[in-house]
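Novice: One-letter residues, chain by chain:
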Amino acid sequence: MGRALTLIPILALGLAVGVYTLAVVRDDPATSFAGSSNGGAVALLAAGWALVGAGTLLLSRRGAGRVGFLLAAAGFAWFLLEWGNPQIGSALAFTIGLSLYAACAPLVSHALLAYPRGRLARRTEQAAVTVAYTGGVLVLGVLPALFWSPSTAGCNDCPRNLLLLADKVTLADDLRRVGVYLGLGWSLLLAGLLVIRLVEATNRGRRASSLLLTAGAAYLGLVAATFAGSLDRGFLWHGPLERRLWLGEAAALVAVGAAVAWTRLRARRARSQVAGLVVELARSPTPDGLRAVLAGIVGDAELLLGYPIGDAGALVDAEGRSVDVSSRPAQTSLVSDGQVVAVLAHAAGLLDDEQLVDEVAAAARLALENERLQADVRVRLEELRASRARIVAAGDAERKRLERDLHDGAQQRLVALALSLRLLRSQTSQRVDGEAGRFLDRADAELGDAITELRELSYGIFPAVLADGGLAPAVQALAEGARVPIEVGPMSEARPPPAIEIAAYAVVIEAARVARRGIAVHAARREGAFVVEIGSRDTAPLDLVALEDRVGALDGRVAVEHGDNGGVTIRAEFPCGP
Amino acid sequence: MRAVIADDEALLREGLARLLADAGVDVVGDAGNADGLLRLVERARPDVAIVDIKMPPTHTDEGLIAAQEIRSTHPEVGVLVLSHYLESHYAMRLLEEHPQRSGYLLKERVKDVSVLVDALERIGEGECVLDPTIVARLVGRPREQSPLDELTAREREVLALIAEGHSNDGICRKLFLSPKTVETHVRHILLKLGIGETQDYHRRVLAVLAYLRS
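These protein sequences, in sequence, are chains A and B. So for the first sequence, the numbering used here puts the first residue at 126; every next one is plus one. So for the second sequence, the numbering used here puts the first residue at 2; every next one is plus one.
For the record, the hints were derived by calculation from the structure and aren't laboratory data. Any given hint could be a false lead.
[Claimed, not checked] Chain A is faced by these chain B residues, among others (derived, beta-carbon under 8 Å):
#, residue
1, Leu13
2, Leu39
3, Glu43
4, Arg46
5, Asp48
6, His60
7, Asp62
8, Leu87
9, Val140
10, Arg142
11, Arg144
12, Leu149
All residues carry an ideal CB built from backbone N, CA and C; glycine is no exception.
With the rest of the complex left out, here is chain A (with noise of 0.2 Å):
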């Protein structure tokens, strides 16, 4: 709102010095490009005001700022050119006239080469803008305006010319012989700079600049053909081809206008267009998100949209899962405050418009900048939830070394031990008997025992029937060594991935554990998911906590449902491919 009022000025400004040119040009018509016509009216005051009003809307515009100023600069410098008229009485008026009324083309072609951004991007760009600039306002106005007294060049009605250093008129024509070669030279190298421009526009199918640089094209090239049919004079004058190049010049200078204004206008629909969606998006969250809303109004269904996360410029999407952008055509990215907050990823041609980019990153930039923190705490959750997971696979896979150990080392051990006492018996069982028999016996029996523990304590550390027939046999054997009667139900056929069998089956062990009376047993693949389900008739108390470890490192869950008859069904589920 405040930058809003302090336009106001400008656009009021505008209107004033249209006004007082047209004043001017009506005093005098005969030394004027406008002549008396009301086209020439229309004409004059359409192309300048469409300038100004063009300014004015990109100065309301963050970082479009400089190039509104251009504009608007242009605007009044286009009624500047009517102001060297004898007739306008005042003297200052008069001087600027003087100095300035060929400053229009330098001031558009700079705004236009600049334009979005306000800088010029390239070498030659700027040498010819400078150019411009030192030929239109220095050699053709300001230069001549000091050696140039109105009365010795025969213009009595002039008024003062305030910059008049000396009396040099001849030096004041030759000044402005060379501005018009030179400025057939540099209008010739803009137009082209801007048909350069244009045609890479039109390349990449960015359609509101190719209509803006046509605009500026077609002036440019009528600015270059007022200069050549000046160059035999060697001073630009309202002559017949020069008042109908100077209103084709005031059509093309409306369609700059029109073009900026119809820019931004579609920039601002589309922003509070995204704006309306993101809150409607807040009000009603929908599972795909901002992607939707933005490929909605962008028109590419199939619109990727990826956050970075970290510092390595990863890109994920709204759920933290990778997203490969270089698989769409183009890419743009979403930038606020200096930070790629979103990369799009979309068919070619479809967000050229970096003004259009712009309002979108700043409509939607909240929202982004939310589903981009969603984002990375899920690839967080996730990084947390794979750790997790390897912990525990680590410890099972160490578990399971450490079966393997004492059952190919420490067991095989024994039992050979066990072999060779009994072939030390056999060997000197004629003469065994008495105290060192009872202590060959003795030994025997406790290797024996020894060999049974040892099986029970690798059993323990991990069920080698686990890694080798699956679930099933695992629970079978369990319940071939259980305290309780445990039913075996239908079991899933086709395995599920080992570290899920390890989990499921972690689960069956500690209902097995707490269970009186006896559990029932079945797992089965559903919809993506391995399910495990214990029926137990009683309702001990299970370690549920180390349950819900366990299987949410795989980011299974674990529920425990009470039933009517004062069971519990204990079920663990765990994602897993179909």
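Following the hints, put chain B in place on chain A, whose structure we already have.
Specialist: Frame of chain A, contents of chain B only:
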């Protein structure tokens, strides 16, 4: 009787060979892994191969797989798998596919020469052998109300012997009972458990085992 031994532990192979030799078993070769065993069987054509379940390279069930292969390719060669595993799962993998001339004993039986030789002889006669400890676990496992509860102590004894793979004659000798009495016990047991009577010895063993495991 001619036997070969496969175990990755050399000490155990040697000790076992000596014990068996003392008991009158002719040990005609040994091997340290499954491939060596298969070549040895091919060459020596023993009556029975004694195979440790765990052998290189993975030390899981190579012995079991080799035993199954021997039973498939050399039907006249019996196999006795020695295993640390008490779970019936491994034994059933062997017996369900090849009940004839197959045996599964716990590894520590190697020191009970009489048990070992008895098992080898029964395998030689075409029977199947299952370790008594494994069977005892199956018979004794906790159950919800079950027809097993209705068996007499003697009938449970007979049931266990059937599951261990003993024939009626073997059961007679073990329990010092007359063939007629054993036949009556067997008939009662199968009736009470609802297992259809079958004259086929191997089918009877598998039916009883399946019942005990379910």
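Novice: For the hint on B/Leu87, just tell me whether its beta-carbon gets within less than 8 Å of chain A.
Specialist: holds, 6 Å
Novice: Holds or violated: the hint that B/Glu43 contacts chain A, with Cβ atoms closer than 8 Å.
Specialist: violated, 27 Å
Novice: Can the hint on B/Leu13 be confirmed by a CB-to-CB distance to chain A that is less than 8 Å?
Specialist: At 5 Å from the nearest chain A Cβ, B/Leu13 passes the 8 Å test, so the hint holds.
Novice: Let's test the interface hint: is any C-beta of chain A closer than 8 Å to that of B/His60?
Specialist: holds, 6 Å
Novice: Minimum Cβ distance from B/Asp48 to chain A below 8 Å?
Specialist: violated, 22 Å
Novice: Against chain A, run the beta carbon of B/Arg46 and see if the smallest gap drops under 8 Å.
Specialist: violated, 26 Å
Novice: Holds or violated: is the Cβ of B/Val140 closer than 8 Å to a Cβ in chain A?
Specialist: Nearest chain A Cβ about 10 Å off; hint violated.
Novice: So, as I understand it, the hint says B/Leu39 touches chain A; can you test that by seeing if any CB pair is closer than 8 Å?
Specialist: With a closest approach of 21 Å, the B/Leu39 hint is violated.
Novice: Once the shortest beta carbon distance from B/Arg144 to chain A is found, is it less than 8 Å?
Specialist: Since chain A brings a Cβ to about 5 Å from B/Arg144, closer than 8 Å, the hint holds.
Novice: Let me know if the C-beta of B/Leu149 comes in closer than 8 Å to any C-beta of chain A, holds or violated.
Specialist: violated, 12 Å
Novice: Against chain A, run the beta carbon of B/Asp62 and see if the smallest gap drops under 8 Å.
Specialist: It holds, given that the least Cβ distance between B/Asp62 and chain A is near 6 Å, below 8 Å.
Novice: For the restraint on B/Arg142, tell me whether the closest CB of chain A is nearer than 8 Å.
Specialist: Holds, because the Cβ-Cβ distance from B/Arg142 to chain A comes to roughly 5 Å (cut-off 8 Å).
In summary, the structure is inconsistent with hints 2, 3, 4, 5, 9, 12 from the numbered list given earlier, while agreeing with the others.
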